[in-house]
Amino acid sequence: MSAYFLCLVLFCVGLYCILRKRNLIKIIIGLAIIEYAVNLFFVLAGYRIHGRAPILAADQEIVNMVDPLVQAIVLTAIVIGLATTALIVAIAIRIYDKYGTFDITRINKLKG
Amino acid sequence: MKANQTGMTLIVKTITRLTVGLILLYGIYIVLHGHLSPGGGFPGGVIIALSFIHIMLAFGKDMAFKKLNQARASFFENLGAIIFLSVAIIGFAGGYFFLNFLSKGEPFSLFSAGTIPLYNIAICFKVAAGLFLIFVALVVLSRKEEE
Amino acid sequence: MIELHLLLLFMIVGAIVAVEVGDLISSVVAVGAVGLGLSLVFLVLKAPDLAITQLVVEILCLIILIRATIKRDLPLIKSGRWHFNTFSTLLFIVVFLLLAFISLHDLPGFGKPLLRVASNYLREGFLRTGSANLVTSVILDFRAYDTLGEATVLFTAVMGVMVVMRRIGRKKE
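Chains as they are written, first to last, in numbering that gives the first Met the number 0: chain A, 0 to 111; chain B, 0 to 146; chain C, 0 to 172.
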């Protein structure tokens with residue numbers, strides 16, 4: 000149960016970064032930390048004590064496996080997270096080219 | 000002489016020349032053994048994309064585009080999507096979408112598990128080409144403007 | 000499970016460093032350390048597929064983030080009335096953690112998953128697909144629609160990056 004709580008603390012660190020920081024790159028880093036925390040929570044929920052990895056071998060009977068379903072979901076989520084991070088970085092680079100700063104309080108001339 | 004001026008130093012280039020083939024080979028191994036051991040299309044595709052990015056970081060963009068240019072990368076991405084969808088649609092002949100219509104084969108051998116290796120290869124093409132295109136767009140296209 | 004808790008504490012410390020350090024490059028390197036720690040946590044939690052994927056994805060993510068921050072560093076801005084923002088953020092986080100701590104007792108305990116759907120996959124996965132890696136059999140056979148949607152999202156992200164980063168007003172040759 001304490002592992003769940005540490006995972007939620009990690010989530011809150013990322014949340015604090017997104018809500019409090021004014022630098023766009025720091026906000027992207029906060030999003031990445033939140034993504035790690037959510038993926039970790041999924042895998043923690045599927046773990047079984049003294050479990051084995053869900054991969055069969057040729058000459059032995061393996062019982063007591065961990066949950067393969069959450070691993071399949073997280074496997075796609077990791078790659079999607081990379082793609083969305085790249086998209087956000089591209090938008091941030093464009094904003095820097097236009098305004099010359101990453102500070103979100105100075106990006107207020109929203110026109111055209 | 001001109002070729003030596005782009006990219007990084009001689010040490011980095013020599014080490015890259017030695018290691019990049021091994022990285023590519025490891026990616027292909029990860030993809031082909033995705034149904035037997037940890038791995039599959041996603042990590043294998045990312046490793047293959049990293050091998051091309053490795054060339055681009057060490058030798059500059061001209062050398063990397065000689066191996067895999069933008070048009071060819073987008074061709075491979077579309078090819079991956081078409082393989083994935085067409086293998087899925089062929090399943091309609093037997094009943095439903097994503098039907099595993101090939102024979103299961105010998106268990107724990109390389110050619111087994113029906114259509115799963117085909118899906119792995121398709122996803123590998125798609126992920127590798129897509130991530131390489133993302134990197135090219137972020138690094139090369141924006142640097143052209145700064146010059 | 001002492002190693003799991005040590006790795007989680009390492010990740011939290013790395014995340015706090017990444018949030019609070021002033022230099023942007025240091026911040027990006029710290030978030031890379033958090034990602035590599037997550038890869039080790041996946042290995043401890045018996046998920047080798049995820050460990051490999053997280054490792055390689057983290058390297059690529061680090062390259063992209065360094066590309067974004069290099070030569071673009073700027074000093075942090077400390078002025079401005081942000082006390083209300085800090086106070087409300089901390090209050091929200093405290094309330095969130097309190098409610099989460101209460102509601103964690105309703106979850107199945109750590110190490111005792113429900114496996115209501117997954118037990119079916121574990122029992123029949125090898126017989127019906129012939130794939131020794133059960134994670135692959137789930138993402139490419141039982142739940143292949145999920146992978147199809149993932150491919151669509153990846154394609155859309157690639158197109159978005161190309162559109163955003165392309166040169167505006169390309170001249171005709």
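Be aware that a few hints might be false.
As the list claims (entries may be wrong) - A few chain C residues facing chain A, derived, Cβ under 10 Å: (1) L8; (2) L23; (3) V56; (4) A67; (5) T85; (6) G159.
As the list claims (entries may be wrong) - Sample of chain A residues lacking proximity to chain B, with all beta carbon distances greater than 10 Å (derived): (7) F41; (8) V78; (9) D102; (10) I103.
No lab work stands behind these hints: they were computed from the structure.
Built from N, CA and C at the ideal position, the CB exists for glycine as well.
To see whether the hints hold, each was checked on the structure:
1. At a threshold of 10 Å, the smallest CB-CB gap from L8 (chain C) to chain A is about 7 Å, leaving the interface hint in force.
2. The closest approach between the C-beta of L23 (chain C) and any C-beta of chain A is roughly 5 Å, which is under the 10 Å cut-off, so the hint is satisfied.
3. About 5 Å separates the beta-carbon of V56 (chain C) from the nearest beta-carbon of chain A, less than 10 Å, and the hint is met.
4. Taken as an interface hint, A67 (chain C) checks out: its beta carbon lies about 5 Å from the nearest beta carbon of chain A, inside 10 Å.
5. With 10 Å as the threshold, the beta carbon of T85 (chain C) comes within range of chain A, its nearest partner Cβ sitting at about 6 Å, so the hint holds.
6. Nearest Cβ of chain A to the Cβ of G159 (chain C): about 5 Å, under the 10 Å cut. The hint holds.
7. For F41 (chain A), the shortest C-beta to C-beta distance to chain B comes to about 16 Å, beyond the 10 Å cut-off, and the non-interface label holds.
8. With a least beta-carbon separation of about 5 Å from chain B, V78 (chain A) fails to lie farther than 10 Å from that chain, contradicting its non-interface assignment.
9. In this structure D102 (chain A) is separated from chain B by more than 10 Å, as the shortest Cβ-Cβ distance comes to about 20 Å.
10. Interface exclusion of I103 (chain A) from chain B stands, the closest Cβ pair being 21 Å apart, more than 10 Å.
Violated hints amount to a single one, hint 8; each of the other numbered hints is respected by the structure.
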